[in-house]
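All chains, full assembly: derive it from the sequences and hints.
Residue numbers (UniProt numbering), protein chains in the order written: chain A, 1 to 358; chain E, 1 to 356.
Just to be clear, a hint being listed does not mean it is correct.
As the list claims (entries may be wrong) - Subject to a maximum C-alpha distance of 30 Å in a straight line, what follows is the list of computed DSSO-like cross-link-like pairs (lysine-lysine):
1. Lys280/E x Lys215/A
2. Lys15/A x Lys18/E
3. Lys215/A x Lys186/A
4. Lys184/A x Lys215/A
5. Lys15/A x Lys48/E
6. Lys251/A x Lys18/E
7. Lys48/E x Lys18/E
8. Lys272/A x Lys280/E
9. Lys17/A x Lys18/E
10. Lys280/E x Lys279/A
11. Lys251/A x Lys48/E
As the list claims (entries may be wrong) - One side of the interface only, derived from the structure: several residues of chain E facing chain A at Cβ under 8 Å:
12. Ser29
13. His37
14. Ala70
15. Ala290
As the list claims (entries may be wrong) - Residues of chain E clear of chain A, computed beta-carbon distances all greater than 12 Å:
16. Cys20
17. Thr65
18. Arg71
19. Ser110
20. Phe176
21. Glu204
22. Arg205
23. Asp273
24. Lys280
25. Glu337
It is worth saying that the hints were derived from the structure and are not from the lab. Don't be surprised by glycine CBs; every beta carbon is placed ideally from N, CA and C.
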Amino acid sequence: MQRTVASSPLAPSVKVKLIHFGFHTAADLLDVQPLQLCKEAGISQDEAVEVLQTLRGDAQSDQQEAASESVTALDLLHQEQIHSGVVTFCSELDAVLGGGVPVGKTTEICGAPGVGKTQLCIQLAVDVQIPLCFGGLGGKAVYIDTEGSFVVQRVVDMAEAAVEHCTLLAEDEEQRKALEEFTKEKILSGIFLIRCHGYVELLAEAYLLPDFLAKHPEVRLVVIDSIAFPFRHDFDDLSQRTRLLNGLAQKLILLATQHSAAIVLTNQMTTKVSDGQSKLIPALGESWGHAATQRLILHWDGPQTMMLPTPCFAVSKGELPTLQTLGRPVLKGTSPVKLLYDLCPMLYLSFTMLTIFS
Amino acid sequence: MDLEQLELSPRVRNALRKACVRSVREVLSVSAPELQHRLALLSLREVKELHAAAAAACRSSPPVTALQLARGECPSLEPGHRLSLACPVLDNLLRGGLPLRGITELAGESAAGKTQFALQLCLSVQYPQEHGGLGSGAVYICTEDSFPIKRLRQLITQQARLRPNVPQALIRSLRFSDNIYIEHTADLEALQACVSQRVPMLLERGLVRLVVVDSVAALFRTEFQADEAIERARHLLAFSSTLHRLSHTHAAPVFCINQVSDVVDGPNPGRCDYGLVDSKVQPALGIAWANQVMVRLMLWRQEGCLRSGGRTSAPRRLEVVFAPHLPRASCLCGVWEEGVRAIPDEDLGEELQTTS
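Shown next as structure tokens:
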């Protein structure tokens, strides 16, 4: 966005003269020398130097940022292949996700209450810490809890199960050595919990996260559970809500790419009535549907019924897999859950999608 | 939160005053370029610093690790204990009891025994922490029938029988009926007024640490017609957000009793059945309410007869439908003179007899 002369922090007399002589935006002043400006606008040399410093400073930093950020698609492909996703240790789930929850992208998990969204999030916060030699990322996790459903007892259960699982998998010397450090306490110390009450605190966290991640560069996963809860309480102005959500989504995507972290958001479901029929759709509105790179919808599936393939952008592997259990470390006794991999519309067709379709 | 409390340079303060931006909420709700446009005299760097200062002031507590929580180093975030239900088998099912923050719901058909659970909790909360209580009273909001005072008196006299592990002297010293505050609310407005004014006052004074709503469905189902679903959802959301806020601020469990509605037309993709596949009933108030509930329990009345020490009771099954820290499990319990008591699985064969 170009800075206009009228809105810049200069003395009013100087501004009037600049505008009178045709300098309206920072772009107009980009290539002008101080002496030239002095003659053309009729201001003193000191004032000219100050004007150029203020307006060019903002414009140049924007240009420099734009220049340094362009990257070729081949580089991007290499980067994505190096940074594998956060595995969940449930082979069907990892298969549907194409190797785990992807790093550098935002993933949204939607589902009815009780289907297992929080469980999946806690599972990911534990699994991101699995050492590299076991196929994990060896990183830490930040868990932002807006509902109060982060119960430490459950995290302890999952941490113990993860250690047990890795102990059974350990084959070679390197893995056994890594296991010595991969203890329950280490896993618990690698999950940072932030509790937010209300949307203002959540927005505040979005401003503070970049600094936190810069201080803790080993963080590879940020979970927000849930993003719907604070935004559905008494929001009279829905357009403001849409604006805030879009701003938040942009900040999160920026965070994901700059810090190579996977961002996972949880959303609720709401009922939509159309043509006399009601169905469950993700909450927060239509425009929020475009915010996340990937969206996972979790449904309840009866214990005996076969899963019907549902129309959606087809994962080219054919029928979607039925999950009988969400893997050992998760709650025993959960009813079978059907995973619908709902890709976002073509607007967000990123390079990863193309590799899945090929 | 007010901007006066932040440490800002005089230039920034002047700009804020001129633009009439007073609260931190306004600052954080606006993006940096737009805020710079409103606060005309500030540079982008100063606006970013303002955002950072406002955000830092908003953060109520710094990030803690799960290890610190597990070790009990942050009692305000993770208190480390729960509200016991006065029966070891039930406490085992709930891994300690009711969580101190969040809404716990108990749904069931009429005469299943939901009010019995609520009364038992009102007495259990008054015990000190080492006996599973919270050392404080309870507020009981009745929306349907009048409060069952006779049953409460009976439960009070039988407390020693229900809790043989607690010293008699302690039980005698507790004045149970003095610490239970009963509110009758006949309509939705009265309910909202109660929950937004009287209950916070009781919580702030430390007089209560348990809020019971019996039942949450009654008023919401009667006051809204079938086609006013959106209106009902809005009121429900306002009500539950008040309860949620009170629960988190005062670390007071909220126990809501819910009714059930019939499942008429088999599996339906437009309706969520929470994994209750074979059930003919599901909790009332739909998905709008279910999204606000942290722990959902259901109580079913069953055929047969439970015998214990020469007395009989109709068996009930208490099932955990969903909770962030509990598996889907259930246990069988009966309602006796001294309260609700569950039967451990190993004793089940002898005690349960079904009528042929």
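Hints, one by one, checked against the model:
1. Lys280/E x Lys215/A: Not satisfied, since the Cα-Cα distance of roughly 54 Å exceeds 30 Å.
2. Lys15/A x Lys18/E: 20 Å, holds
3. Lys215/A x Lys186/A: Judged against 30 Å, a Cα distance of about 19 Å means the pair holds.
4. Lys184/A x Lys215/A: 24 Å, holds
5. Lys15/A x Lys48/E: 24 Å, holds
6. Lys251/A x Lys18/E: 28 Å, holds
7. Lys48/E x Lys18/E: 18 Å, holds
8. Lys272/A x Lys280/E: 24 Å, holds
9. Lys17/A x Lys18/E: The hint holds at about 24 Å.
10. Lys280/E x Lys279/A: Holds, at about 20 Å.
11. Lys251/A x Lys48/E: 14 Å, holds
12. Ser29: 6 Å, holds
13. His37: Interface hint status for His37/E: holds (6 Å vs cutoff 8 Å).
14. Ala70: 5 Å, holds
15. Ala290: 4 Å, holds
16. Cys20: Consistent with the label, Cys20/E stays out of reach of chain A, its closest Cβ about 17 Å off (over 12 Å).
17. Thr65: 5 Å, violated
18. Arg71: Violated: least Cβ distance 9 Å, not greater than 12 Å.
19. Ser110: At roughly 24 Å from the nearest Cβ of chain A, Ser110/E sits farther out than 12 Å, so the non-interface label holds.
20. Phe176: Correct as stated: the minimum Cβ-Cβ distance to chain A is 29 Å, above 12 Å.
21. Glu204: 17 Å, holds
22. Arg205: Since the minimum Cβ distance to chain A is about 22 Å, Arg205/E lies beyond 12 Å and the statement holds.
23. Asp273: 6 Å, violated
24. Lys280: 15 Å, holds
25. Glu337: Fine: 33 Å to the nearest Cβ keeps Glu337/E off the interface.
In summary, the numbered hints that this structure violates are 1, 17, 18, 23.
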